[in-house]
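Asker: Need the complex rebuilt from these two chains, each delivered in its own frame; the hints are there to steer you.
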Amino acid sequence: MNDNKKKILDMLAKGKISVDEAQRLLNAVDANEIGSKNMGRGSRSSDDKVKGKYLRVTIVPGEESKNWEHGSPPDRVNVRIPMSLVRAGIKLSSLMPREAMEKTNEALHEKGIDFDVRNLKAEDIEKIIDALGDAEIDIDGSHGEKVKVFVE
Amino acid sequence: MNWPPLWAYIKIGEKGRGFGFWVPLFLIGLSLFALFLAFLPLIVFIILVLWPVGWGRWMFEAIKTGYTMMCSIKGLKVDIQGPKENVYINVV
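If you read the sequences in order, they're chains D and W. Our numbering applies: residue 1 is where the first sequence begins, and numbers increase by one. Our numbering applies: residue 1 is where the second sequence begins, and numbers increase by one.
The calculated DSS-like cross-link candidates involving lysine-lysine, where the alpha carbons are at most 25 Å apart (straight line), are: (1) W:74 with D:148; (2) D:148 with W:84; (3) D:111 with D:148; (4) D:91 with W:64; (5) W:77 with D:91; (6) W:64 with D:127; (7) W:74 with D:127; (8) D:53 with W:74; (9) D:148 with W:77; (10) W:11 with W:74; (11) D:91 with W:74.
Facing chain D, according to a computed beta carbon distance under 7 Å, are these residues of chain W, among others: (12) 61; (13) 65; (14) 68; (15) 69; (16) 77; (17) 81.
Since the hints were made in silico from the structure, they are not lab data. Predicted model, so just to flag it, every value in this text is computed and none were measured. Cβ coordinates follow ideal geometry from the N, Cα and C atoms, glycine included.
Chain W extracted, bound-state conformation (with noise of 0.2 Å):
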């Protein structure tokens, strides 16, 4: 099963002189969870009522798109050097 990324770098600052940090995705995701599971009786019950219109199938569909795209940010990175600023993404 695939997880959502831990840990992303982002350096981003004036040439020579920008400042790295890692945020913990981590945290973040588990946070969604958290409020996932509470929301997940109303979603489940949504789901359910819209599901002969045709639009309870849209979103089941839509928050297993979400989880795939959460998880295949990880490898992302993005290295841009301008004149005058840098921006460094890395997702691990």
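This is chain D alone, in the form it adopts within the complex (with noise of 0.2 Å):
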């Protein structure tokens, strides 16, 4: 085991930081010494990322929510979505037809989102997959419930 394992445990066992977020640094080392082994073997350019394979969303309803006044309470959710599932998703929307289309960048538009959904392109696609591999969107509600969106 190595160092960077041995300090992302301890860290675990001092509850700095949750299981969640342990088990997303751990895949992130070994993620980085595949690439590291793969780089001395040749096979594998620098640039190379190791792509995810899942799409996860988190939501933990906060130590507030016990005392929700609001109706029911906020619903822990746990969703891992495949990224292949993401990618025919993606692709699915250029199958859509034009009048679609334009409905759904009015409807874009009216939301303050400046994005034509015709511009999006197969190509485009793993640009897209990759970027939203890097990406991490870490929400902590009013009433103390946390989101998480990440890649793993």
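Answerer: Spelled out as structure tokens, the structure:
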């Protein structure tokens, strides 16, 4: 077991990080090790990244939700979506009829999103997926709930 | 080649009292495949007729994308724990 993994397990034991965060860090350490081994063998360039397999969305209600007064308290959500499904879903957008695309664009513009769905091409999908792999969304709600979106 | 998922485990119910069951997705997949084979000549005919108009290619791409999405569901996991009931779906 290398030093990085020991540090991660140490932080987990001390309660400095959660189990989910520890798992992500351990996966990242493994990915780095695989990357450096493959570089030695020459089979992967230094620009290649290990692509994530799943898109994870977790919602954990906070301590304040126990005294929730606005109807039912928020649910605990843990969703794991295969990245291949995300890719297929994005490719599905290219099959939208023109009228549906125009309505979608109108709805996006109303929300202030200046994006044209017609500009989404199949070759851009891998770039979007790669960018998604680097993205990590961490939101602390006003009632203590934690929302996390990340790729693992 | 990617294959569609074989099983799905679904558990729905109140906290502590839910029941789970395995859904044989491979049976549903086999049934859909049999239906597809039965209607294949008609589908091919429609695609060829509509190809010059552009809709034929759309149909072809739609069928291909539909199959890709069906195969990509493998690994999907949904775990929602509400105050009164839980939902758990795992596609393997």
